[in-house]
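Novice: For the sequence shown, this note's numbering begins at 1 and goes up steadily by one.
Calculated from the structure, these hints are not laboratory results.
Here the structure is a predicted model, which is why all the values come from computation and not from measurement.
Don't be surprised by glycine CBs; every beta carbon is placed ideally from N, CA and C.
Watch out, some of these pointers could steer you wrong.
Straight-line distance between alpha carbons at most 20 Å, and here's what the computed DMTMM-like set of lysine to aspartate or glutamate pairs gives [to be verified]:
no., residue 1, residue 2
1, 34, 206
2, 34, 176
3, 106, 42
4, 106, 140
5, 25, 57
6, 34, 209
7, 34, 12
8, 106, 145
9, 106, 57
10, 34, 3
Cβ pair distances, simulated, as ranges [unchecked claim]:
no., residue 1, residue 2, range
11, 3, 54, 20 to 30 Å
12, 22, 139, 43 to 53 Å
13, 32, 215, 44 to 54 Å
14, 142, 22, 40 to 50 Å
15, 191, 84, 23 to 33 Å
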Amino acid sequence: MNELIGRVFNFEKTTFPASSELFLKLTTHGQEPKALMISCADSRVVPEQIMQAQPGDLFVCRNAGNMVPPYATQNGGVTSTVEYAVVALGIRDIIVCGHSDCGAMKALSNPVGLEAMPNVAAWLRHGSAAENVVSTCNPELDGTERVRAVSLENVLAQLNNLRTHPSVAAAMARGELSLHGWFADIHEGQILALDGETGEFVPLREDRELPVAIPARQRGTRVLQEAAE
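With the hints as constraints, model all of the structure from the sequences given.
Specialist: This is the structure:
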């Protein structure tokens, strides 16, 4: 803890003064983050580091397993964060980011020991669809391969949950919001992104177009009328 406190002093004496103009702008004009990233609380995965983000660049929501509970009437931290990001901040991109060697996904894949952590077990039920897909479609997988498969499938499951949120659904219908599914491979130092057209996770590359899980696409009234007919 003393080491961490020492870093706080370094922030006050060195980091903050070196970025004083940036912080002045942020406190004067407020924040305009470019994206919301929903990622795991794992200490080895730092969204700001992955994105090389400066203060004000990224709105972040972290929790065990990068879960997005389906929308419900009861209030929740993730739900409130998503709603605020979309409605108040006008976020146009949401990234759900899983990662390799995820403890939450290990527990979801093999729940031995969760009886001592009832709240964790209840939280992980938000990823039960991912575990069921892997168990049903790829029952031959085990060990690290199974955990990785569940981790990737969980990104898709949480994107589906995200679409149940009214603020997200409305912004997507207006063509103002894109959803992204990422996977941070902390063994390789590589980010994989879900290509919505192929359903595959592919590495991000500078010379390739950014893969998008669900791109912004306005739903016109004409389409709705034709669907009704």
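Novice: A separate judgement is required for each hint: does it hold in the structure or not?
Specialist: Comparing the hints with the structure gives:
1. 34 <-> 206: Satisfied, since the Cα-Cα distance of roughly 19 Å is no more than 20 Å.
2. 34 <-> 176: Roughly 13 Å separates the two Cα atoms, so the pair holds.
3. 106 <-> 42: holds (13 Å)
4. 106 <-> 140: It holds: about 16 Å lies between the C-alpha atoms, which stays within 20 Å.
5. 25 <-> 57: Holds, because 13 Å separates the two Cα atoms, which is no more than 20 Å.
6. 34 <-> 209: Holds, at about 18 Å.
7. 34 <-> 12: violated (26 Å)
8. 106 <-> 145: holds (11 Å)
9. 106 <-> 57: violated (31 Å)
10. 34 <-> 3: violated (32 Å)
11. 3 <-> 54: 20 to 30 Å: holds (24 Å)
12. 22 <-> 139: 43 to 53 Å: Holds, since residue 22 and residue 139 (Cβ atoms, about 52 Å apart) stay within the stated range.
13. 32 <-> 215: 44 to 54 Å: At roughly 22 Å between Cβ atoms, residue 215 and residue 32 fall outside 44 to 54 Å, so the hint is violated.
14. 142 <-> 22: 40 to 50 Å: holds (48 Å)
15. 191 <-> 84: 23 to 33 Å: holds (26 Å)
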